[in-house]
Amino acid sequence: MRNYFIDLLTKEAKSNNKIMLMVGDLGFSVVENFKEKYPKQFINAGVAEQNMTGMAAGLASEKFHVFTYSIANFNTFRCSEQIRNDIDYHNYNVTVVSVGGGLSYGALGYSHHAIQDYALMRSFPNMTIYAPGTRSEIANCMKQIFKSKSPAYLRLGKTLPKNLKKPNQPHDYAPGKWTKILECKNRESKKCILTTGAVIDDAVKMQKKEEFSNYHIYSLPIWGMKYKTLQAQQINKWDEIVTLEDHLEDGGFGSYILECNSSIQKVGETKIKLKSLNKNVCNTVGDQDNLKEHFKFAH
Amino acid sequence: MKINSSVLLSKYIKAYTLKMVSKAKASHVGGGLSISDLLAVLYNNILYFDSQKPLLESRDRFILSKGHCCAALYATLALKNFFTLRDLNSFAQFGSNFMSHASHKVKGVEFSTGSLGHGLPYAVGKAVAAKSRNKKWEVFVLLSDGELNEGSNWEATLFASHHNLNNLTIIVDYNKLQSLTTVEKTIKIEPLKDKFESFGCYVSEVNGHDHKELKNSLSKTNKKNSPKVIIAHTVKGKGVSFMENRVEWHYKSPDKDQLEMALNEIGVSL
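Going line by line, the protein sequences match chains A and B. Start counting the first sequence at 131; every next residue gets the next number (my numbering). Start counting the second sequence at 69; every next residue gets the next number (my numbering).
Treat the hints with care, since some could be wrong.
Unchecked claim - Here are the simulated DSS-like cross-link-like pairs (lysine-lysine), alpha carbons at most 27 Å apart as the crow flies: (1) A:K148 - B:K199; (2) B:K320 - A:K277; (3) A:K170 - A:K141; (4) A:K321 - A:K310; (5) A:K277 - B:K199; (6) A:K170 - B:K292; (7) A:K295 - A:K338; (8) A:K279 - B:K291; (9) A:K279 - A:K141; (10) A:K144 - B:K199; (11) B:K324 - A:K141; (12) B:K256 - A:K193; (13) B:K204 - A:K165; (14) A:K288 - A:K320; (15) B:K320 - B:K93; (16) A:K148 - B:K203; (17) B:K256 - B:K320; (18) B:K291 - A:K170; (19) A:K167 - B:K199.
Bear in mind the hints are in silico, worked out from the structure with no lab data behind them. Note that this is a predicted model, so its numbers are computed, not measured.
Can you make the complete structure from the sequences, with help from the hints?
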């Protein structure tokens, strides 16, 4: 995912000299090509995320479109007040890019488990969360990010889905809009699994089980506080929605959908179930697949 | 109002700061008074700006990192015609843009602050932007001494020095008092000059109330290849005898009688 992201950013930088890529001393074997091609648009801020994020706001105030790149929680939680005050409050054009969303770095322990980041990012009024799950979603998220002039959080997982044979590649991505990933056999079904982020494979596996064979798979890759009002209409179409995210339940994506549902004028009753990471994952180390299996994620 | 001397400007900044804080029953008057001379010299003699075009591209950028002392900045901007002196009446009132921590919603204020340790990294970002586009404008950032407890300042100083940002001037309002007691008793920062020098900065120490010294040190010719640091030795509550060097004026608001006494000492009637 990160390689595809950097390819798209490198292409954009060719025609847009306002792009500035800042890294927090990370990105080995990922960012070198960008740095070589556009050295004036690349800054290694060192292991200093507070300064990197404050500087990003300063650069954005001078009309740069800044990308702050790091892994896991380093460019989110470590500098959360800089994101809150310096970037979000001033509505600056800064995209915080965290690679290793969810349990991508599961074997590296709790410091590297990015499983509370949605909770943080969705509490900022101007922030748009971009959590792509497929190649097409990455491309479209980046297209939206390049167009946008406001704060963004791009959460990248480790790998693209392997279980999705024919990925749906629609062209009508828009913030707050659900995208169809995979229909179930019963096309008339009023049930769906709604994902965000790099959990498409998990949803496909779920759908293969009898219990969920009657559920379509949709994703919502672009969301946030600004797009809550767009959810009512989409939620109301369904009898049942199962949300799926590689994040803790509290403050996460499912909670977001529940909040949207609780504030809408209901036509019918939509049943919403939340599937997220078990909080005990915090005390366990292991690679992503093992951790997910052990804690029965998406079961 | 036409004020041509920095000394007269500083008196009016102090007077309006006192009046605003008193009216709003707000805090931080002591720190406002300690930076009034600095602001007067900066806005009268150093910074390039056009108050009618607050976002003029070629302006110098000034960032008040110690945002709690914004009353003095708002007063300075009003006295320099960014908006009217009457606008200051809404300071810290319901619905006003003149919040009691520096607000970018006020014309001429580059950046909202209030949480310490945010102004310098932001200023460094602006200095990098100017360098990368070969712009001649400069960046000035005013920090408090207690604020230097925040690690983000030292991250930013390392970066600024490494990248030879000689278009950046860091001013420390060194009034020796912080929130509960002296800086010395809280977290000592001496030897401060040595600290900044060891980080690679070009450092000078001045009397932060002596306008001649301030003009000399702030004048923009920095021929060194490193960021400039000015340690301005100041007095918290400067100019009002009963406020000088007293921690309580970090919090208290002068009542009507105290305001009158203070204005008498400053020597300005409003």
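Going down the list of hints, with the structure as the test:
1. A:K148 - B:K199: Distance ~14 Å between K148 (chain A) and K199 (chain B) Cα, so the pair holds.
2. B:K320 - A:K277: Violated, at about 48 Å.
3. A:K170 - A:K141: holds (15 Å)
4. A:K321 - A:K310: Judged against 27 Å, a Cα distance of about 13 Å means the pair holds.
5. A:K277 - B:K199: This hinted pair holds, its Cα atoms lying about 26 Å apart.
6. A:K170 - B:K292: holds (23 Å)
7. A:K295 - A:K338: With a Cα-Cα distance of about 13 Å, the restraint between K295 (chain A) and K338 (chain A) holds, given a limit of 27 Å.
8. A:K279 - B:K291: violated (37 Å)
9. A:K279 - A:K141: Since the Cα atoms of K279 (chain A) and K141 (chain A) sit roughly 19 Å apart, the hinted pair holds (cutoff 27 Å).
10. A:K144 - B:K199: Answer holds: K144 (chain A) to K199 (chain B) is near 20 Å, not above 27 Å.
11. B:K324 - A:K141: violated (64 Å)
12. B:K256 - A:K193: violated (38 Å)
13. B:K204 - A:K165: Satisfied, since the Cα-Cα distance of roughly 26 Å is no more than 27 Å.
14. A:K288 - A:K320: violated (31 Å)
15. B:K320 - B:K93: holds (8 Å)
16. A:K148 - B:K203: This hinted pair holds, its Cα atoms lying about 15 Å apart.
17. B:K256 - B:K320: holds (25 Å)
18. B:K291 - A:K170: Within the cut-off at roughly 23 Å; holds.
19. A:K167 - B:K199: holds (19 Å)
Figure legend: structure checked against the earlier numbered hints; hints not met, in rising order: 2, 8, 11, 12, 14.
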